[in-house]
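Protein chains in written order, with my numbering: chain A, 1 to 116; chain B, 1001 to 1110.
Hints are computed from structural coordinates only; laboratory data are not their basis.
Quick caveat: nothing in here was measured; it's all calculated off a predicted structure.
Don't be surprised by glycine CBs; every beta carbon is placed ideally from N, CA and C.
Do not rely on the hints blindly, as some may be mistaken.
Claimed, not checked - Derived pair list, reagent style BS3-like, types lysine-lysine, alpha-carbon separation capped at 27 Å: (1) Lys42/A / Lys1041/B; (2) Lys1056/B / Lys83/A; (3) Lys1056/B / Lys1037/B; (4) Lys1040/B / Lys78/A.
Stated by the list, open to error - Sample of chain B residues with no beta-carbon within 12 Å of chain A, all distances over it, derived: (5) Ser1052; (6) Lys1068; (7) Ala1090.
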Amino acid sequence: EPEVTQTPSHQVTQMGQEVILRCVPISNHLYFYWYRQILGQKVEFLVSFYNNEISEKSEIFDDQFSVERPDGSNFTLKIRSTKLEDSAMYFCASRGTGRAANYGYTFGSGTRLTVV
Amino acid sequence: EDKVVQSPLSLVVHEGDTVTLNCSYEVTNFRSLLWYKQEKKAPTFLFMLTSSGIEKKSGRLSSILDKKELFSILNITATQTGDSAVYLCAATQGAQKLVFGQGTRLTINP
Chain A
1 EPEVTQTPSH
11 QVTQMGQEVI
21 LRCVPISNHL
31 YFYWYRQILG
41 QKVEFLVSFY
51 NNEISEKSEI
61 FDDQFSVERP
71 DGSNFTLKIR
81 STKLEDSAMY
91 FCASRGTGRA
101 ANYGYTFGSG
111 TRLTVV
Chain B
1001 EDKVVQSPLS
1011 LVVHEGDTVT
1021 LNCSYEVTNF
1031 RSLLWYKQEK
1041 KAPTFLFMLT
1051 SSGIEKKSGR
1061 LSSILDKKEL
1071 FSILNITATQ
1081 TGDSAVYLCA
1091 ATQGAQKLVF
1101 GQGTRLTINP
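Pulled out of the complex, with its shape left as it was, chain B reads as follows (with noise of 0.2 Å):
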């Protein structure tokens, strides 16, 4: 069975931490990685990573992925009250569908 597993499930930091998000997967047929942040409703893209060992940046955001060990982090550097939400990791299955871990709820206390 196709599973994405994030960890830790739940985070409490303090502004201006450092966080490191966890996210391993077993899917059939993978082709890609994505990484999402949910604050309300919708879902917003953050990174998609295809290939091993290649870091990507978005600002205080950088995530890597390792085909070998089937795994990804999300790291956030100097962490804002703004980054609270729930991140999500995803997994693509063959060539349409989205296979998504349970989510890690990050709050960043002030």
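Just chain A, same shape as in the assembly (with noise of 0.2 Å):
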């Protein structure tokens, strides 16, 4: 079964740093998100992004945060400056179109990053 990948799992990094969060969604998918889960709280909507570029954005998603679509296959979630309140779990996700969107968004298992 197709699957959306992501890396790294688990990231540590120091307040501050830039950080870069990977996806490869599923090959024949146009829709591409970023979604992010803070420790017991809601899985949180960040950002869409389709026919290479932004659909629709929260107010979570600032200046600090950028997606970019580099080749055929990536897409990441960059985060320019740290802050410890971007600890979370950040989860991609890719949706078809057709009958493929009948199944539903397609989430990848997460990047867990902390920030110290």
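Using the hints, put the two standalone chains together into the complex.
So this is what it looks like as structure tokens:
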């Protein structure tokens, strides 16, 4: 069964450092997303990406965040200057179109980011 | 403000019991409601509901959506210890975004 792959599974970084979280969405999916889940809280939407541009972003997704699809397979989330409150599990998701859309959004296993 | 509320937050039952998990939503530009099972990390897809009153089934799991009353339920019959997980409900808001509930932590005791 096709999977969304995320790397690394766990990253520890110092406050103020830049981090890049990587995702390989399902190959024929066209819509890509980042969500995050702070420990003990709800899963929150960060950003959606389609046709090589951001289609929607939340209030959380401020100027410290950026996304990129540098090639045909990877989808990355960059946090420029991490803060303690950025510590969370970050999930990448992708979604197909047509019949594939009936199977919802496929989530990756997540990257646990710990900012110290 | 868009919101999705799940109840109960936590549920402990014995193997073999039937459980019903609830999800209510108030989301602008609502399109569909999704249920996910989250065990260790990645939420895994269970159901997507777009039409009111049509039950979707997958083995011992079933779900239905009521777009008039703005809620959905997830039923699990003959529960097994492997059903222990956090069950997430999410509503699509507009074309892209999922708004999640806080989840129901289900524990099945042998």
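Index of numbered hints that the structure contradicts, given in increasing order: 2 and 7
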